[in-house]
Amino acid sequence: MPSHPTPEAWLRQQARTVKGSMLAAILAAFGGGLLIILQARLLALVCQRVVIEGIGRTPLLPLLAWVGLIALMRGLAAYLSEHAAIKAAAQVRQQVRTALYQRLLRLRPTGMAGEVGPLTEVVTSGVEGLEAYIARFLPQMVLAGLLPLAVLLVVLPSEWRSSLVLIFSAPFIPLLMILIGKGTETLNRRQFARLSRMAGHLLDLVQGLPDLKIFSAAKREAELVALVSDQYRSGTMAVLRVAFMSAFTLEFFSTVGTAVVAVIIGFRLLAGNLSLLDGLFVLLLAPEYYLPLRNLGLAYHSRMNGMAAAERIIPLLQQPLPTKDLLPQRAQRNTEEEIIGTDTIPTLNSSANLRVLCGESVEIACESVTFRYGGDRGGVQNISLTIPANSMTALVGASGSGKSTLARLLLGLAQPESGRITVDGVDLAELDQQAWRLQLAWVPQQPFFFSATIRENLLLGRPDADDQAIQQALAAAALSEVISALPEGLATRLGDRGAGLSGGELRRLALARVFLRDASLVVLDEPTAGLDAENEQLVLDAMGRLAAGRTMLIISHREATISRCQQVAVLAAGRLEQVTTSQEYLEVAP
Amino acid sequence: MRELLRMLRPARQHWRWMAGGIGLGVAVIAANAALMAISGWFIASMAVAGVTQASFNYFFASASIRALAILRASGRYGERLVSHEAAFHILADLRVWLFKRLIPLAPAGLESYAGGDLAGRLRADVDSLENLYLRIIAPLATGAFTILLSGLFVLVWSGSAALLLVGLLLLSGLLLPLLARHLAEQPGKRSTELAGMLRTTVTEGLQGAEELLLLGATDKQAQTVEGFSSGLVQQQVRLGQISSLTLAGVTICGALAMAGLALVCIPLVQTGQLAGPNLVMLLLFSAASFEAVGPLAHSLQLIPATSEAIRRIRELADAPIPLPEPLHPQLPESCRIVLDQVSCGYGGGQAVLEQFSLTINQGERVAVVGPSGSGKSTLVELLLRFRPYQGSISIGGCELLDISPDQLAQLVAAVPQQPHLFNSTIRENILLGREVTDEQLTAVLVDSGLEQWITGLPQGLDTPVGETGSAVSGGEARRIALARALVSNAPILLLDEPTEGLDGATEQSVVERLKLRLQGTTLLVVTHRPACLQLAERIVRIGATKGANV
Chain A
917 MPSHPTPEAW LRQQARTVKG SMLAAILAAF GGGLLIILQA RLLALVCQRV VIEGIGRTPL
977 LPLLAWVGLI ALMRGLAAYL SEHAAIKAAA QVRQQVRTAL YQRLLRLRPT GMAGEVGPLT
1037 EVVTSGVEGL EAYIARFLPQ MVLAGLLPLA VLLVVLPSEW RSSLVLIFSA PFIPLLMILI
1097 GKGTETLNRR QFARLSRMAG HLLDLVQGLP DLKIFSAAKR EAELVALVSD QYRSGTMAVL
1157 RVAFMSAFTL EFFSTVGTAV VAVIIGFRLL AGNLSLLDGL FVLLLAPEYY LPLRNLGLAY
1217 HSRMNGMAAA ERIIPLLQQP LPTKDLLPQR AQRNTEEEII GTDTIPTLNS SANLRVLCGE
1277 SVEIACESVT FRYGGDRGGV QNISLTIPAN SMTALVGASG SGKSTLARLL LGLAQPESGR
1337 ITVDGVDLAE LDQQAWRLQL AWVPQQPFFF SATIRENLLL GRPDADDQAI QQALAAAALS
1397 EVISALPEGL ATRLGDRGAG LSGGELRRLA LARVFLRDAS LVVLDEPTAG LDAENEQLVL
1457 DAMGRLAAGR TMLIISHREA TISRCQQVAV LAAGRLEQVT TSQEYLEVAP
Chain Z
318 MRELLRMLRP ARQHWRWMAG GIGLGVAVIA ANAALMAISG WFIASMAVAG VTQASFNYFF
378 ASASIRALAI LRASGRYGER LVSHEAAFHI LADLRVWLFK RLIPLAPAGL ESYAGGDLAG
438 RLRADVDSLE NLYLRIIAPL ATGAFTILLS GLFVLVWSGS AALLLVGLLL LSGLLLPLLA
498 RHLAEQPGKR STELAGMLRT TVTEGLQGAE ELLLLGATDK QAQTVEGFSS GLVQQQVRLG
558 QISSLTLAGV TICGALAMAG LALVCIPLVQ TGQLAGPNLV MLLLFSAASF EAVGPLAHSL
618 QLIPATSEAI RRIRELADAP IPLPEPLHPQ LPESCRIVLD QVSCGYGGGQ AVLEQFSLTI
678 NQGERVAVVG PSGSGKSTLV ELLLRFRPYQ GSISIGGCEL LDISPDQLAQ LVAAVPQQPH
738 LFNSTIRENI LLGREVTDEQ LTAVLVDSGL EQWITGLPQG LDTPVGETGS AVSGGEARRI
798 ALARALVSNA PILLLDEPTE GLDGATEQSV VERLKLRLQG TTLLVVTHRP ACLQLAERIV
858 RIGATKGANV
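Keeping their order, the protein sequence lines are chains A and Z. Each residue of the first sequence is one higher than the one before, counting from 917 in this note's numbering. Each residue of the second sequence is one higher than the one before, counting from 318 in this note's numbering.
Simulated from the structure, these hints should not be mistaken for laboratory data. By construction, the Cβ of each residue, glycine as well, lies at the ideal position given by its N, Cα and C atoms. No false leads were slipped in.
Computed footprint of chain A on chain Z, listed as stretches where at least three residues anywhere in the stretch have a Cβ under 8 Å from a Cβ of chain A:
| id | region |
| --- | --- |
| 1 | 406-418 |
| 2 | 526-536 |
| 3 | 553-564 |
| 4 | 576-584 |
Taking beta-carbon pairs under 10 Å as the criterion, some of the chain Z residues facing chain A (in silico):
| id | residue |
| --- | --- |
| 5 | N349 |
| 6 | E521 |
| 7 | N740 |
| 8 | A822 |
Turn these sequences into a full structure, and let the hints steer you where they fit.
Structure (structure tokens):
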């Protein structure tokens, strides 16, 4: 297990990538603080002149003009500081989101990343949570160290007793904040998990609404939504009750501190030991002394948001990539090193396998391949099977016998736990995965389509395909008529889960995508399920054409499909039961 | 603004929390302003007394200062708790309200929203309603009350000073933010849209990650997401810029207020209309009163984005219900199904079914076969009351539209074309909250061919099926859906390819069991598998010429 950086360390590392903007934000805010001190002095002076010395308005006009000018400068400082902080946080979010998503797209096929709902949540709202830390908490933390010190330095010569009050009340603030913060952190972490679960739960319910309606269970689920929302509320409130305690402490010490300072100054003034100028100056600055600390207290909530987000992001960024997959060069330079810190990207020895990757048809061999999902179900054990080049092999077996697992292993989506798979004699594990994938075509049982046009979905197979190639592929999948009958033809948008086309039509669309691709190994998972006999015939004919010069593996139960294959491999409970010819298999089969 | 308040209506039962949050907010700001004002007056009076050696009763002032300090701190804590409690109550109510509105829409009314976007509306948009009370309505109400109170307070000493202060408070609390809000309108809308698109794209890509990887389209997908993300971030920076400008404006107004107040009031001190200490008091009071307007800018700026979220939610919630509940529901007297000249098409496209007629007598078992795309699955969806149609569909003599969905669910059970498995256990997926005896459940498991498989699982019926059934195979998922339908014991059963993904032997045994179990059940099975046809007494073919009976 690689050791992860702490969320705090990782977040600061992120902030360092935008050092310039962060520094600008802090400097501008500090400048604004100094202007406040100047303004307080000038105002105190005005009051001294008017209340004590009885001077009229006209001689004081220049002084008041200065107060006005300082007001404008304070505005400028506030703008510069805020804008710089926001820009810094924006840049960090973009960097992290890009790196994170690239990684998840590669982790997800291994099944190691987790479920889609929560992952989407991390990539979208989770990354947004970083802003709070970068733009709010970090600058406030630095300012909370600098500004009170500056105020103390100017107050000390005027009124040392009040300075003592300020000095002694200040340490309580961070101290209590840390104590309370520690308790909240655990609560907060649980809170983020709850939020993710809630997101997944709602997506799940809405996608299954039709099923709920069939069994009139939707109203019961609505109560469940209420229950989950209410749990979320009481969970969040439990966090907030504690989180607000720290803000309360800050508020308490700062208001009581200001009150005590006011009373002390009052009595010093009564005794005639202090001028109103100095006394008012100190009173005006007392709230400003506590303000950065109070802001820090408010931003502490931001810190926890950022940390909770970071905690979900870091393990995903640190999870090693399963295959010899390389992130794109650009992303690797900018984001890998800085965002993840250390990472071990497997380097590739790409000498021996070029031979394989330019070949047209390949021979695939499994040698004692074993893979279990970590459980006993659905895995495969000790499979040794050769799929000859230029042939069609059918993979048959009961549901759950390991057919899909074996297909995933051949496709390189999973790596054997023991044994090996070779392609023309070269170990699959040593092949350049990206180049190898260019040689693959795969249609799973539930093919995936984007909410995009039919054309865009087809072009995923081969981005540079022209219209003629697309039409040929559609014809091969017996879809030409269906598509041309659509009012918008190829420009028809496929809605959620491809709504708009029938189940059989969608599967044929996935096949058309395969026809577009110029692959040397084609794996089809139940390609003709859901097709009527007539369409099955059409697809099988097209498959026959595609098989020329390619190696094909077809998972199927259907006689018409199996009869097209030269070889049949029978799986039972994860073991290879027999390998035979299709004639023999079909004669014996019930 | 009216739209925003209307959105609170489903949660109006929580008005006490809402009002409490606003009331405490006003009290907290007033306490601070009073603290600063009395402190200023107190020290100035003490200074004057010190210089003139006059006596000054300081007990009242110093006691009030301490009391206000404590009131301020504890009031703030209470205000935050109460307003958050209100906000979360509102959120929970709105989420349930929206989910209930979605129920009659599914599935035909929801097809135009992709899954990620739909979930986004259900969560991110509803969550952004957390802003509605907490960051929009409560601060606006609090700000309005405090500005009013401040003006009244200063008015006691000077009309023009009150005018100046209220003017600057309104400028920084209302005019500047409204200007900012105007500027933020476009980027706000854009950022909500982009966030929705980002969410959809992220979800789609993660769901299809395996195929993307094999198709070599992973980088293309990552770039699409990077594009949306950078678009979103850009809009957020623009929004941030606008808010920074507003912040600067408020800072300037606050500082100018003190200079201006001094300018107006100094002559009053000269003429004796205003005591010296009161000048100091007014100066400190005006500085403290700006605390009320700080959050206003933020509130007004949030309105466009929140309105957009509300618009999207409204669009969904107010979508026309494809098949409304009947006003006068009728009770079917038998299970005889009659389809007469039925036509149906998706979203104005070409008709999937045209002039289709079919009668299924009570207790009759009918199989429907035909090429894919001929409308077989649509037929099942029509009978489930999922899609609008032309012509007439009746069950037991009642038009389908006149039967309430709940009544229909008692009558009809189904395995749809794409059954959804919930991220829960096998048991919960089969039962969906219904209660059956152990014997009944065992019988269902046997009849759907699940029993052997489940007995072999270490956790048995309590095995989780994973997200959208990812931990079980396609055939297992189908059989779970079959078991779900059999639990109902409904007199009418609609099966869309119930044995899809099952191997020959399993399929045969399931068909044998079903033949026994479904004696007397009115059955419509859509299939092209020869084994399944054994279930039926009559086979109907939907031909290439749509809807022709053979």
